[in-house]
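Peer 1: As given, the protein sequences belong to chains A, B and C, one line each in that order. Here the first sequence is numbered in my numbering, starting from -7 and rising by one per residue. Here the second sequence is numbered in my numbering, starting from -7 and rising by one per residue. Here the third sequence is numbered in my numbering, starting from -7 and rising by one per residue.
Simulated from the structure, these hints should not be mistaken for laboratory data. Keep in mind it's a predicted model, so treat the numbers as computed, not measured. A couple of the hints might just be wrong.
[Claimed, not checked] Rough simulated footprint, nothing fancy, chain A against chain C, three-plus residues with beta-carbon under 8 Å:
#1 44 to 57
#2 78 to 92
#3 124 to 132
#4 299 to 306
#5 330 to 338
No residue lacks a Cβ here, since even glycine has one placed at the ideal position from N, Cα and C.
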Amino acid sequence: MLEYLESLRLVDHHCHGVLGEDLGRTAFEAMLTEAETAGPPGVSMFDTQVGFALRRWCPPVLGLDAHAEPEEYLARRAELGAAEVNRRFLAAAGLDALCVDTGHTPRAILEPPGLGRLAGARAHEIVRLESVAERVAADGVEAGRFAGEVRSRLDAADAVGAKSIAAYRAGLELSGARPSDAEVAGAAGRLMRAAESGDDPPRVCDEILHRFLVWCAVDAGLPVQFHVGYGDADADLRRGDPLLLIELLRAMDPVPAMLLHNYPFHRNAGYLAQVLPNVHVDAGLATHNLGHRSPALIAELLELAPFGKVLYSSDAFGLAELYHLGALLFRRGLAGFLAGGAEDGAWTARDAERVAGLVASGNARRVYGLE
Amino acid sequence: MLEYLESLRLVDHHCHGVLGEDLGRTAFEAMLTEAETAGPPGVSMFDTQVGFALRRWCPPVLGLDAHAEPEEYLARRAELGAAEVNRRFLAAAGLDALCVDTGHTPRAILEPPGLGRLAGARAHEIVRLESVAERVAADGVEAGRFAGEVRSRLDAADAVGAKSIAAYRAGLELSGARPSDAEVAGAAGRLMRAAESGDDPPRVCDEILHRFLVWCAVDAGLPVQFHVGYGDADADLRRGDPLLLIELLRAMDPVPAMLLHNYPFHRNAGYLAQVLPNVHVDAGLATHNLGHRSPALIAELLELAPFGKVLYSSDAFGLAELYHLGALLFRRGLAGFLAGGAEDGAWTARDAERVAGLVASGNARRVYGLE
Amino acid sequence: MLEYLESLRLVDHHCHGVLGEDLGRTAFEAMLTEAETAGPPGVSMFDTQVGFALRRWCPPVLGLDAHAEPEEYLARRAELGAAEVNRRFLAAAGLDALCVDTGHTPRAILEPPGLGRLAGARAHEIVRLESVAERVAADGVEAGRFAGEVRSRLDAADAVGAKSIAAYRAGLELSGARPSDAEVAGAAGRLMRAAESGDDPPRVCDEILHRFLVWCAVDAGLPVQFHVGYGDADADLRRGDPLLLIELLRAMDPVPAMLLHNYPFHRNAGYLAQVLPNVHVDAGLATHNLGHRSPALIAELLELAPFGKVLYSSDAFGLAELYHLGALLFRRGLAGFLAGGAEDGAWTARDAERVAGLVASGNARRVYGLE
């Protein structure tokens, strides 16, 4: 089964750009997990599931033995240089296509085409809704023209889907109703006044605007990705349970909704994928962060979620290793899940291969209309 | 251990009626999971854990090989006819008794006696509290007489327990206090005015009324089942966590409370079963919906819940296959759990058999006073 | 790996006193789990995961065969007497140090030094914050002097850490801000007026006071333990999710915060341990309560939590058996986790031993500054 999955090229339906610069140990550890920094004194972020997974699987790609010590690994990485390291790991991921969220690029160098070239895969863009709105606000349009301007920029974007980061801002408790023009204009006015009065760029953090943006994407016929659950400390998991989103998910049917990551709410997400026809799920960055435990996560995600509604994503950001680790651990976890069921007689090997094809790429191709 | 469990007839303490009509593929898929419809375009609900479990275990009961394709299975099902299919699966479930919720019967044909005859088991009735109240309201009694009328109908019901579907309506956050007569009369008045002004039948969705109904059952000495967690999209899992119910559960002691299904909150339910003396739990429809993964669910439910407070139920509705699958997967899951512990030396084989007897039927018999 | 872990003496960074009196069956069963009493009629609390774990592992320490029946076990326990039983189990736990919460001692006889002598281990005190405040209030100081008096008693305490039981009272949703002097004086006044007007001793249950107490500990440089999740029925799990505490955890950095027990929110706790530099976690009393299932808990806790931020505790209270069971099950669970990974090639045996040392005692030593 693993051999079969290794023969399949994946669609990574949610990832970010990769850093083009060399990294010292502190910077590398800070990128490894969702912590904002490397570990506090006495704690190495290499001593985590993702750290051990990296030491297990990544050194051989750079010509070292598995389980290399962190210092040895980072020295070899520096020796090869970021460009070569990026090339090797993106190629090793075995991707058919990537859908790249271009909204969060503090230092990442690669636009989707460059990432696609490294990966030997087609690269598509996912437009981040809040970023579009923030650019419109920063450009200083009138509040009354805000909605139209957002819609026209979305229409102009060459994207296969849109992404909402409401979970990082006002939270996922978004009602299902379309906001009225007056509500949107009011909220846009508040956003722009805040932008004018402060030094900071405008920042969407308003239930009305998050909801408005989702409806813009729905009207444009774009599948909508939602950040859900696990992310960095800004994500505020108190408001990141996908159950909070049920009304909007229901209201936007039949436009597809993609619940990203979901951990530790992945069973809740699986429930939504079963009972609501337009809801799809993935395990995203939780896969590589759980490392050796990722098979447990994959099995839990697949409890209620129909197999035709589960997608692969890495949510890799910054470190090239994460594109490779995500793909490798996902293939191994899914292969173990499917092979275990086939051995126990829960399904046939033929059905297992068919399901593998759906999850590896078929579902993503269907939902995003790739090809 | 499995052999031992197969020798035990189960008490299915929570199930519904079975459909008496033949079903086409779309209708069958729509009944298979908690989704309201068959899968959206491109998604088959057979490609789920419950779908694969059905294809693994049900075809042999109809004379086909395991893992029959859906079309072949449904053709054979149609050939035998619903009556014969129902007879075979209900018999295969190996039940000693059923407790049938008679409150939700949009199309189901069988009253408890008929279901009991098919299963070769005694059938008891569970009276659905909200349905009693809604019939009283539809009959148009005065608000001041509503409470008395509900109580007298409950007393007249020949039921071994009552069921609350607050989780489908106002949610599980019910306080522990008995509502006052004035509160009940006020809420009853609102219910009846809503019923008079609209076309729809009256619908209880009011914290005061749900709570009042539970107290009516408590006063009648009836164990109370609560829908908790997993159900169709109407269940609104945001308000379906059993922890929300803790005050009422505590207040109704020593009358038994049965937390049904619970997934994905089954660990929370297990906690309540440990710390509150009158609380019992099951895994209900989550068992067959999780299919090959149901052993993980059973093991998690049994982490904190005392083994003397765990019951079996199928929550089967409509498809005869689900009575069989629920019983089969529960027996296998519990057998695996108990045998694994015995092999590891965690408990003796004798204790494992004793616990199997409690969970299979002994606990239900004790709590409902069957026999 | 198990042999290696058995060679390591543990730091039990959170436990309570042990009862010095002999116990009948009802009293023993009532102490075994977090239920307030022994099981209701027909239910034995020995028929639980912790009950079976006790029967598996504890009789040999008293010279009986494993799996002794409860009556036989309790007879032998009575024959030996509480003092001898306590000595045997505390010694069997294999501890290097204990951090003893001295705030909850309804009947426990042993102060930390006595407990340490029994265990052959150094014993440190953890001061319970709410108890300090309640003693100050009971002593009748003026509201305006309350804050200063609490701070000076904390400074005078010879403790290595402090503990908050906000989860048992006002809940974990504590804001991150320091309360003002006026807020504290107001809240202290309310506490003392309540104490004066009633028969009961004063009881802190006020968001402002819980928060104030945490800041007192932070200012005194004491690591702060927080009860989280699983506990007795008073714990009110609705308000016991560690995610509720995120603002205060962030605000108190770099003073270490220890999230205790956490079940069933242990994955949420692991997330916090990853993304916030000062947060540490344990599985506490959930370990022995889950018995044969505790390996699953340990594996889930270690999904996101960095291995340098996970500690051991028993949270044992009253029954000497629980100090032994907690330590034994933790060693076995962690050994299985680490050995399994080593066998699968997820990490090297050398790394596994290093991680074992961190979790068994190294992390606790570093965080509390022991030796």
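Peer 1: The structure should be examined with respect to each hint, and the outcome stated for every one.
Peer 2: Do the hints match the structure? See the list:
{"no.": "1", "hint": "44 to 57", "in the structure": "violated (count 0)"}
{"no.": "2", "hint": "78 to 92", "in the structure": "violated (count 0)"}
{"no.": "3", "hint": "124 to 132", "in the structure": "violated (count 0)"}
{"no.": "4", "hint": "299 to 306", "in the structure": "holds (count 3)"}
{"no.": "5", "hint": "330 to 338", "in the structure": "holds (count 4)"}
Checked against the numbered hints given earlier, this structure breaks hints 1, 2 and 3; the rest are met.
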